[in-house]
Amino acid sequence: MPSNIHTSHRMVFLLPASIYIVLVVVIAILPAMSASTEEKALEVPPVTPLAAWGRELYREKYNCVVCHTQQIRGDVRRRNEVDGSVPVLAADARFGLEGPTTAEEYAHQEAPMLGTQRTGPDLMSIGIRMPSRQWHYWHLYKPQSVSPDSTMEAYPYLFSSEKPKAVGDAVPEKVELIEGLGYDGDELWATPEAVAIVEYLLSLDRPLARKNR
Amino acid sequence: MVKIPVGIPIFVAAAGVDNKFATLVHRYLLSAAVWLVLASGVGLFLAFHHVDPSLLPDIAELSYGRLRPVHTMTMLFGWASLALVGLALYVVAKSAWVPMHKPLGKVEYGFARLALWLWNIGIAAGIVTLCMGMVNGGREYREYQWYCMAPIAVGVIIIGILVYRLMARRGVQGVYISCWFILASCFWIAIIVVMGYLSPWKTGIADRIIDGYYIHNAVGMWFTPLAVGITYYALPKLLNKPIYSYALGVLGFFTHIVFYTVIGTHHYIFTPIPVWLQTVSVIFSVAMIVPVWASTGNFLMTMKGERLAIRHSYSLPFFVVGVIGYGLASIQGSAESLREVQEVLHFTHYTVGHAHFAMYVFVSFLIWGAIYGLVPRTTGVEPPVMLVGVHFWLALSGVAIYVVALCWGGHVQGNAFVDGEPFMESVRAMTPFHVWRFVGASLMTVAHLVFFVSLWRMRPGAFSKAFAQQPGA
Chain A
1 MPSNIHTSHR MVFLLPASIY IVLVVVIAIL PAMSASTEEK ALEVPPVTPL
51 AAWGRELYRE KYNCVVCHTQ QIRGDVRRRN EVDGSVPVLA ADARFGLEGP
101 TTAEEYAHQE APMLGTQRTG PDLMSIGIRM PSRQWHYWHL YKPQSVSPDS
151 TMEAYPYLFS SEKPKAVGDA VPEKVELIEG LGYDGDELWA TPEAVAIVEY
201 LLSLDRPLAR KNR
Chain B
214 MVKIPVGIPI FVAAAGVDNK FATLVHRYLL SAAVWLVLAS GVGLFLAFHH
264 VDPSLLPDIA ELSYGRLRPV HTMTMLFGWA SLALVGLALY VVAKSAWVPM
314 HKPLGKVEYG FARLALWLWN IGIAAGIVTL CMGMVNGGRE YREYQWYCMA
364 PIAVGVIIIG ILVYRLMARR GVQGVYISCW FILASCFWIA IIVVMGYLSP
414 WKTGIADRII DGYYIHNAVG MWFTPLAVGI TYYALPKLLN KPIYSYALGV
464 LGFFTHIVFY TVIGTHHYIF TPIPVWLQTV SVIFSVAMIV PVWASTGNFL
514 MTMKGERLAI RHSYSLPFFV VGVIGYGLAS IQGSAESLRE VQEVLHFTHY
564 TVGHAHFAMY VFVSFLIWGA IYGLVPRTTG VEPPVMLVGV HFWLALSGVA
614 IYVVALCWGG HVQGNAFVDG EPFMESVRAM TPFHVWRFVG ASLMTVAHLV
664 FFVSLWRMRP GAFSKAFAQQ PGA
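If you read the sequences in order, they're chains A and B.
Residues 1 to 213 in this note's numbering are what the first sequence lists, from first letter to last.
Residues 214 to 686 in this note's numbering are what the second sequence lists, from first letter to last.
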């Protein structure tokens, strides 16, 4: 009796399983291997330990990536035939003064946070667009103090009324008190975590894109 | 008096089913329902977050970034997975003609219960660790730490082996297509989870290629084939007639494997991922129309001319919604993959609307239809019809409001992006849609509470009580 998928449970297992394995190799494993080989040729961007800790907090402790993307999309349909450059997609123009993001900018980053939701603005170039440390503290303490209609949640637990202890390079910083904060204490301190996160945000100033321009 | 085709009376159908088996299936479903209610509460909290976060407490454990993966992971791996697996065990046993008075051996029962325990422990640990701020961030639908996902993966493998053994023990020569979908998806999800957690490419673009693959395969090679496989058994069974075209089902099965596996990169259009990979994903996303409509058309043709049976059934209306939802959600997905559409709608809440359309109108409605249709055949107890009706209409109206609000709002948001208005305009414009989203989510949450009560009323122990109340018993 011929063994086929209609009469043999062994075939019901083997046939879909083997087709699937072949497809996964072609569509995921081989492309990932070649991207990984290309990545190895790219230089490792310099990252300060403080910014690296900030990224860890951003990604693994507060998971900010659910609302903020980090990608400037390039419109491959309008590629320049002469120099091969790709223009920024119209919808991303306000974030993309330095051109679309490249593989180089994500190289050697654990889980690059390209993101899938833009509930809040893209942060790929936030270090250029908003270089003020104090602004970021106000914004983290109470987003609505500097961006009135924002639906971002507040992170008051990243701040303290007394000066906290430093953690490595993360030296607590005093926050200038402004009216909108709704804070009635005498002084407000950014904890080491807040300092690290803001350091990370300020480091997002697309050094590679600016260098290549 | 109109004659209504009802098939086998419930008591007679349930009489031959091993009570241990009925209890096992019911425990899977009850666990799923608990996670559903919990995750709906979290979802409601998150929906309110979009309306006005200042009214909610600023507690790190309840922050949006942590609760969003709690909502998605609990819904996907707690609710939908456990419900589908519980139903799948029954569907495989029945469609393989395994004697229902003793479908599983003593050791197999032990392993089936162990799988459920492992699964529930994994979900519970996942919720706790996520709330504590241990997030596998930037990796959607696998935000759990590896040690929370590992018990679930072991559970899946146990279920896969049990399904295989049930099929090997079948009482007929043929292997029905439901078994194909169910056995294959157990294998696929095992590979997907292994790729998601153990892939050696953890940095740069290579990581994102695996991410696109993972995101879409976890949905399309697990939830979809399980829901479709269960429907291939439950729908003809409840209508008491054969499926319209078996060959169409076979076509759907193989095109599903080939097309669905390769479309993951459509989550990363216009990124530095190789353009050929993006183009392949768009082409096959559109080609998904073939497997989707092979199954949807098949189900619709099976339901054709059965309006009376559907009107008088409390489970079949869920199938009508689920089947139509499958067809429409997939067409929506195909359209969303196109570059011209992505340009406007990617990153917006339209995507969230689509995700709920697919996981709710398609997957969850088919799960409910199968639960209301099949569970009474194992426990011998029917749910209170009134509650089922309330569940149906609350869930349907809730999700309709939800999906319309987010898809409409997503257009407004996307056009604000394209028009180059200040970013805050896109946030302000979404507020009324988020209010409607909260309204829809509230109705859905109430529906889930009603569902939980109905499921509890169908529990195996209730059989003897209901039977004792029968006149002359």
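No lab work stands behind these hints: they were computed from the structure.
Note that CB positions come from ideal geometry on N, CA and C, so glycine has one too.
Hints are supplied without guarantee of correctness; some may be wrong.
[Unchecked claim] Incomplete in silico selection of chain A near chain B, CB under 10 Å:
{"hint": "1", "residue": "R10"}
{"hint": "2", "residue": "M113"}
{"hint": "3", "residue": "Q134"}
Now the hints, each set against the structure:
no., hint, verdict
1, R10, "holds (8 Å)"
2, M113, "holds (4 Å)"
3, Q134, "violated (20 Å)"
Of the numbered hints stated above, the single one contradicted by the structure is hint 3.
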